[in-house]
Amino acid sequence: MTPPPPDKKTVQQVEVLISTILRTGVTLSFVLVVVGTVISFAHHPAYLDSPGTLGALTAPAATRPHTLRGVLEGIGQSQGRSIIMVSLLLLIATPIVRVAVSILAFVYEKDWIFVGITAVVLLLLLLSFFLGKAG
Amino acid sequence: MTPLYFTLITFTMALAAGLLGSLLGLGGGIIVIPALTLLLHVDIRLAIGASIVSVIATSSGAAAAYVRERLTNLRVAMLLEIATTAGALSGAMISGFIQPRWLYVVFGVVLGYSALAMFHKKPPQFRAPPPPDRWADRLRLHDRFFDPATGQERAYQVTHTRLGLLLMYIAGIVSGLLGIGSGALKVPAMDLAMRLPIKVSTATSNFMIGVTAAASAGVYFMRGDIDPFIAAPVAAGVLVGATLGSHLLGRLQGRAVRLTFVVVLLWVSAQMLYEGIIKL
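Chains as they are written, first to last, in numbering that gives the first Met the number 0: chain E, 0 to 134; chain C, 0 to 279.
There's no promise every hint is true.
Claimed, not checked - Restricting the straight-line Cα-Cα distance to at most 30 Å, the calculated cross-link-like pairs of lysine-lysine (DSS-like) are:
id: 1; chain 1: E; residue 1: Lys8; chain 2: C; residue 2: Lys198
id: 2; chain 1: E; residue 1: Lys8; chain 2: E; residue 2: Lys109
id: 3; chain 1: C; residue 1: Lys198; chain 2: E; residue 2: Lys109
Unchecked claim - If you want the ones that stay clear, here's a sample from chain C, every Cβ over 10 Å from chain E, calculated:
id: 4; residue: Arg137
id: 5; residue: Asp146
id: 6; residue: His159
To be verified - Covered by chain E, according to a simulated footprint, are these stretches of chain C (three or more residues, beta-carbon under 8 Å):
id: 7; region: 22-32
id: 8; region: 161-173
id: 9; region: 180-190
id: 10; region: 196-204
id: 11; region: 210-221
id: 12; region: 228-241
Treat the hints as calculated values from the structure; they're not laboratory data. Positions of the beta carbon are idealized from the N, C-alpha and C atoms, including for glycine.
So here's chain E without its partners, still in its complex pose (with noise of 0.2 Å):
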């Protein structure tokens, strides 16, 4: 079976923006866990000096925001750890924007096959965020 010509414009545009994505979302989100990090020290002094507050930070039952809900109500009060969390969210959210990209990508060449594909990829990414709840 002879694959029919791709449109090689088409197929580089996608390229070149798929590449943009991945490369803007690393670089926005290394900035704000930078900033998010500040703000934490800045916050909370006893953090440069006192040794005791380490272990509450880092022990496996201490409190962290885990839902999108919790983050967000941080960021509200500006508090340095949830913007830390907002930026590794856009980080985890870089890949499923390509991914979702690549969808409409194949949807514009008309592969079906591979439109499914890429959705049932997109599904899994998305189901992931409701498996974690469960366990």
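Let chain E serve as the given structure and place chain C on it in line with the hints.
Below, chain C alone, put in the same frame as chain E:
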């Protein structure tokens, strides 16, 4: 140890892990997790949660470059991602209820394997033409790539698609369970089983690692296993280290240097096994 000191130490260790990982062609995660657990006594689940985020960062950064160089086979990547994300979800779920000691044990085994695989000498490149595969024809997985070594475009045929999917599901489980990219499992699945050229295998594996890691990261986040105070310095450190590694220097080629690192990694692998089997 104060939180500030912890952050600085973790960042530095993650930076070293990212640098070393990129020089050795392993990932940062497989090095940073033993460092966090064995040296800083961080809970292994939180170390895994932090590492999986850093895996997304480095994979996405590297994938951006590979896609531009047109080495990645996007169709193969997308097809196999069904298997790797399903595996990653399974792995992340399993890690939620097995005892931490088993995480140490499996980690020790995978690290040992990766270290040995790194040193495995490739047999001379002679390959019989790949057997035809209806799945690969039907899904139009065959492609061509620009080989910088010869300066020419080269077409290649993909084969054993179903075997590739099965191996990728296993690689996904390992990735989700241990919070590593598991490129050491993905590249051979494409290179040896599906017969993609090694450069395409490496680029495509890197491209897939980010999506695979995102699947398990969602599970870890919702479970509360991603600690901002651990994940922030780890993600930032590994990213900076890996970026430095890929820009400043090439791969470490010297046999003696690589042998040294294989020995060190095997020793770390033994430490992880010891932690899981004897101490916990």
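Verification of the supplied hints:
1. E/Lys8 x C/Lys198: Within the cut-off at roughly 24 Å; holds.
2. E/Lys8 x E/Lys109: 15 Å, holds
3. C/Lys198 x E/Lys109: 29 Å, holds
4. Arg137: 7 Å, violated
5. Asp146: 18 Å, holds
6. His159: Holds, because the least Cβ-Cβ distance between C/His159 and chain E comes to about 18 Å, which exceeds 10 Å.
7. 22-32: Violated: only 0 residues of the region 22-32 of chain C have a Cβ under 8 Å from chain E.
8. 161-173: Coverage by chain E is violated here, the residue count being 0 at a Cβ distance below 8 Å.
9. 180-190: violated (count 0)
10. 196-204: violated (count 0)
11. 210-221: holds (count 11)
12. 228-241: It holds: at least three residues are needed, and the region 228-241 of chain C offers 8 whose Cβ sits within less than 8 Å of chain E.
Checked against the numbered hints given earlier, the structure breaks hints 4, 7, 8, 9, 10 and satisfies all the rest.
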